[in-house]
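K.L.:
Could you build the full structure based on these sequences and the hints that come with them?
For the protein sequence lines, the chains are A and B, in the order given.
Number 88 in this note's numbering belongs to position 88 of the first sequence; there are no gaps in the numbering.
To convert, count from 1 in the second sequence and add 162; that's this note's numbering.
Think of the hints as simulated: they come from the structure by calculation, not from any bench.
Just so you know, nobody snuck in bad clues.
Among chain A residues calculated to face chain B with C-beta under 7 Å, some are:
#: 1; residue: ARG18
#: 2; residue: PHE87
#: 3; residue: ASN88
Simulated DEER-style distance windows between Cβ atoms:
#: 4; chain 1: B; residue 1: GLU265; chain 2: A; residue 2: ARG157; range: 27 to 37 Å
#: 5; chain 1: B; residue 1: THR255; chain 2: A; residue 2: PRO65; range: 53 to 63 Å
#: 6; chain 1: B; residue 1: THR255; chain 2: A; residue 2: TRP7; range: 32 to 42 Å
#: 7; chain 1: A; residue 1: ARG157; chain 2: B; residue 2: VAL227; range: 23 to 33 Å
#: 8; chain 1: A; residue 1: ARG125; chain 2: B; residue 2: GLU245; range: 45 to 55 Å
#: 9; chain 1: A; residue 1: HIS93; chain 2: B; residue 2: VAL206; range: 14 to 24 Å
#: 10; chain 1: A; residue 1: PRO65; chain 2: B; residue 2: VAL206; range: 50 to 60 Å
#: 11; chain 1: A; residue 1: LEU30; chain 2: B; residue 2: ARG287; range: 24 to 34 Å
#: 12; chain 1: B; residue 1: THR255; chain 2: A; residue 2: ASN15; range: 29 to 39 Å
#: 13; chain 1: B; residue 1: ARG244; chain 2: A; residue 2: GLN55; range: 57 to 67 Å
#: 14; chain 1: B; residue 1: THR207; chain 2: A; residue 2: PRO96; range: 22 to 32 Å
#: 15; chain 1: A; residue 1: ALA71; chain 2: B; residue 2: ASP224; range: 49 to 59 Å
#: 16; chain 1: A; residue 1: GLY64; chain 2: B; residue 2: ILE257; range: 52 to 62 Å
Given the structure is predicted, the values throughout are model-derived calculations rather than measurements.
Using N, Cα and C, we set each Cβ at its ideal position, and we do this for glycine too.
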Amino acid sequence: MLELMAWLEASALANLLRGLGIWTYGLLNLGHILGVSMLFGMVLLLDLRLLGLWQRIPLAAIIGPTVPLAAIGFGLAVITGIMMLSFNTTDYHGNPFLYLKLPMVVLGMINVVVFQRFGAWQRARDGQPAAVGDQGILRLAGGLSLAIWLTVVICGRMIGYW
Amino acid sequence: MPRFAQFLILLLITSAWWAVPQVQAHHGWSGNTAGEVEVTGTLVTGVSLAGAHGTLQIEDADGNVWTITLAPGPRTHRAGLRENTIPLGAEVTVIGERNENPEVYEAKVRRVIWEDQVFDVYPPR
Chain A
1 MLELMAWLEA SALANLLRGL GIWTYGLLNL GHILGVSMLF GMVLLLDLRL
51 LGLWQRIPLA AIIGPTVPLA AIGFGLAVIT GIMMLSFNTT DYHGNPFLYL
101 KLPMVVLGMI NVVVFQRFGA WQRARDGQPA AVGDQGILRL AGGLSLAIWL
151 TVVICGRMIG YW
Chain B
163 MPRFAQFLIL LLITSAWWAV PQVQAHHGWS GNTAGEVEVT GTLVTGVSLA
213 GAHGTLQIED ADGNVWTITL APGPRTHRAG LRENTIPLGA EVTVIGERNE
263 NPEVYEAKVR RVIWEDQVFD VYPPR
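P.N.:
Okay, here's the thing in structure tokens:
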């Protein structure tokens, strides 16, 4: 991990960013917050619906806008997050919040990939009638997703306070 | 609304993170609790204003190299301390809080003094 951190800190990207002026880090931080707020807002909406709230709104109508916006927010957060880390990467060596956050992000991505292969999700997304047992699967996935991303956001916010 | 109750329980469990005592660290100065420190030395790494906070390095009379953390870049800049203000090799005095680990020569400072100039990156209130 330390080798990877040292590599990022010494990378051309890090050197470029350090030379861009005193507001660079603050602006990257702004981009990160925009990405995270987009991602988490969409996750909250979708997961609460999966957990059983607002059942009169068809699931397909919620999946339509939330999933692509969450993906854009995620992409923005990952790019700006790596950029912010690159300034002083090795300073975060051993930071428990970062070390919990990164695997949680991976877990969140795995959750998305696996869950999208389920028939329950595909039927909900396409507006097809639910099969027996679908609701339980959807609720489990929504609860898991919410727990993962909430942990990611909490850990992320706490990194700088360690 | 039992489903909503289930959700609330889930939210509480995941939010329990907040109860972990070490989380209640003080804003940004958590690792700098060894008390007030004043260090004088020669500037060996000039002021950098990139990253979350400005930094510089000074070497004291005993040959220890101190890594000094300043305020965030724009704030340090506003206090008059720019990247090229102090030349390398100049004698600099810093006043702030030392890292809690006595093996580590690191301090987060509020004041930098060079010749007749005082830079209050965190001005006294």
